[in-house]
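Enquirer: So you can see what is in the structure, the chains are spelled out below.
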Amino acid sequence: MEQTTTEQTVEEQKNYTLGFHGTGSELFGIIIVNWLLTVITLGFYYPWAKAKQLSYMFGATSLNNDRFAFHGTGKEMFKGFIKALIIFVVLYGILIVSVVFHMEILGFAIFYIGFLGLIPLAIHGTYKYRMSRTSWRGIRFGYRGERGQLFGVFIKGILLSILTIGIYGSWFAMNLRNYIFSNIKFGNIEFKSNARGSSYFVLVLKGYFLSFITLGIYSFWWMSEIFAFYVNNISMHKDDKEIRLKSTATGVGFLGLILGNLLIIVLTLGLGFAWTQVRTMNFIANNIELEGNIDLDTISQTEDEFTDATGEDVSDFLDLDITL
Amino acid sequence: MQDIKAIYFDGNSSIAQSIDFVLDEKNAIFIFGSPQLGNAKHSILDAKISNHSGLLIIEFGTSPIQTIKIDDAEYIKYLKNYLSTNGIQTWYQKLINLGVKVHILIALSILGLIAVSYFFVLPFVAEQAVVLVPKSYDDKMGGEFYQHFVEYNEIDSAKTKQLEAFAQKLQFNSSQKLHFTVVKSDIVNAFALPDGHIIVFTGLLDLMQNYEELVALLGHEATHVNERHSVKMLCRNISGYLLISAILSDANGVIATIADNANGIYSLTFSRGFEREADLKGFEIMKVNKVNPNGMSNLFLRLKEGNKIDIEIPEFLSSHPVTDARIEYVNETIKNDFYKYQTNLELKKIFEAIKNDAPPK
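Protein sequence lines, in the order shown, are assigned to chains A and B.
Under the numbering used here, the first residue of the first sequence carries the number 1, and numbering increases by one thereafter.
Under the numbering used here, the first residue of the second sequence carries the number 1001, and numbering increases by one thereafter.
Honestly, the hints are just simulated from the structure, not real lab data.
By construction, the Cβ of each residue, glycine as well, lies at the ideal position given by its N, Cα and C atoms.
Certain hints may be false.
[As the list claims (entries may be wrong)] Straight line, CA to CA, 30 angstroms or less: simulated DSSO-like cross-link-like pairs of lysine-lysine:
1. B/Lys-1077 to B/Lys-1048
2. B/Lys-1349 to A/Lys-75
3. A/Lys-83 to B/Lys-1005
4. A/Lys-75 to B/Lys-1094
5. B/Lys-1077 to B/Lys-1177
6. B/Lys-1169 to B/Lys-1005
7. B/Lys-1161 to B/Lys-1041
8. A/Lys-75 to B/Lys-1048
9. B/Lys-1177 to A/Lys-185
10. A/Lys-79 to B/Lys-1077
11. A/Lys-14 to B/Lys-1005
12. B/Lys-1161 to A/Lys-79
13. B/Lys-1184 to B/Lys-1169
14. B/Lys-1177 to B/Lys-1161
15. B/Lys-1080 to A/Lys-75
[What the hints assert, rightly or not] Simulated coverage check for chain B against chain A, where a stretch passes if three residues somewhere in it have a Cβ under 8 angstroms from a Cβ of chain A:
16. 1159 to 1169
17. 1330 to 1337
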């Protein structure tokens, strides 16, 4: 009798549904109003614009019919923007001073090493800020990675990639990904990513080769494989329960998504950008399935608030495209 | 309006709690509660209200942030109406509420504004800005390029000397000293550097048949130096690039790429404007030196001859006006601005020496 109850709790599968409810015209309105305000304010509105857009995108995404929320504000991101600006002014300052004093080699060395060093710091800062400012049912996400450790993963990855003329790049990318995802918390739920560099390497090699001999046609199937690889390796854990992610995306699906988006962009001379984003988000939400037995009513608030957006803004400067 | 059922998240756990929600219109507060929770109230003025299709979400409080979710369509309508009639709605929301048609109009207006400032305001400002660039910059830029160039190219020193002698006999209306260099190469071309170095390839010299053509060429190149075309070009390219990246930093990659290429194509048109100016002011130089202006149209014929192998590039993609067009407007100028010219025996002699590869006697 007792055994059956335990079995029942462990085996009991819950239902989870991801959804995206945004529309092209709503997003278009936000993008255009933001654009207008950014132009009028000579760019100073940008942090607020970004906050509005992220807030819309998160708010339009749902899990079991409850929306995600982004609480980041323009003010936070503006402060971060100023700090990021100072960092870059200092870096460029060093470069200029070194040229004036004819110590170009030293100057360039500091400049490039500084730039390279900024990348892991920016990734760290971005995740810490974004996760902390994201919530679902009022429960915050969080990123608990250590700056020093991420830096270590990064430096090791770069050095080995150089030594192996890029071959190690696949392992590097997956180590970075695993480190970041395995440090994401959602209240008292822990994320985990277990993507293996060797599998990724084979995937990349195979995709590259097949895309080449099929004159690019295979690339859509390649994308769906990489998407599945990323998604299927993510899981969430709480006590002895878990949720596993599963991709249902197909090559044909990617083909339709990308050709459709391309067509929209070309025919509208770029103004249809909002609609392509909505299509993409719909595609992602519809192609990730969640399976498991964590009761979503039992999540509790565990993560601290973190409101320093410097990393987020440095990422913007570096043009790092950081997605969740 | 009566109270309704809504969902409340307390910010501590993920449990959805059913509550009764009511708005106190007069005091601009909302009151919510349930038998388990008791009653609580909060100002609607400092709550963040977001509206998603068929869903109104009210977030309030700081640590923890609490959330109320309302999905009653009638009540949402009522709340939205209350917010807008009482001026609680933010100006941002008002802009959003303008609707997709107005938004498209705004987008097109911004694009129009950008186009106007890009094609009319920017070139003007950029040319004015050139005054701010010190002349020493031209010298430095040109000097550095020249050093590199002569390192990788073979100078014909005998012809260089003769070309210098040839140029000595001419007036260039130039405020700065010009230096002339002949480089051994099959390339049928010549170019000017901002510091006053003018480089002519033997490929072009070999095709020339008359000293008047050489005068036309030097006049053209000297104008590039006199008018500081290189720095003007640089100013315009940089400001164009800055404008584009400033405006499109927020836009997506595709528009940015299109605009970037547009910048490239437009700067070609711009440089074509410079070439035309160099042709016309070069013509003036021929006039001052009383040299037969037909040398200029002949020069263009040589260029055309020399570049025959090339496919004719459509005009809008080419940095120089297409040769036929140049010949046409130069002939026009010659017709309209007729002047007396005479044969300059000294120039003729030096030119022949250059052609014959022997020092002038």
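Enquirer: Each hint: holds or not?
Expert: So, going through the hints one by one against the coordinates:
1. B/Lys-1077 to B/Lys-1048: holds (17 angstroms)
2. B/Lys-1349 to A/Lys-75: violated (76 angstroms)
3. A/Lys-83 to B/Lys-1005: Answer violated: A/Lys-83 to B/Lys-1005 is near 45 angstroms, above 30 angstroms.
4. A/Lys-75 to B/Lys-1094: holds (21 angstroms)
5. B/Lys-1077 to B/Lys-1177: violated (78 angstroms)
6. B/Lys-1169 to B/Lys-1005: Cα-Cα ~97 angstroms, so violated.
7. B/Lys-1161 to B/Lys-1041: violated (94 angstroms)
8. A/Lys-75 to B/Lys-1048: Given that 30 angstroms is the threshold and the Cα spacing comes to 15 angstroms, the pair holds.
9. B/Lys-1177 to A/Lys-185: This hinted pair is violated, its Cα atoms lying about 71 angstroms apart.
10. A/Lys-79 to B/Lys-1077: violated (36 angstroms)
11. A/Lys-14 to B/Lys-1005: holds (26 angstroms)
12. B/Lys-1161 to A/Lys-79: violated (63 angstroms)
13. B/Lys-1184 to B/Lys-1169: OK: B/Lys-1184 and B/Lys-1169 at ~24 angstroms, within 30 angstroms.
14. B/Lys-1177 to B/Lys-1161: Holds, at roughly 16 angstroms.
15. B/Lys-1080 to A/Lys-75: Roughly 26 angstroms between the alpha carbons, so the hint for B/Lys-1080 and A/Lys-75 holds.
16. 1159 to 1169: violated (count 0)
17. 1330 to 1337: violated (count 0)
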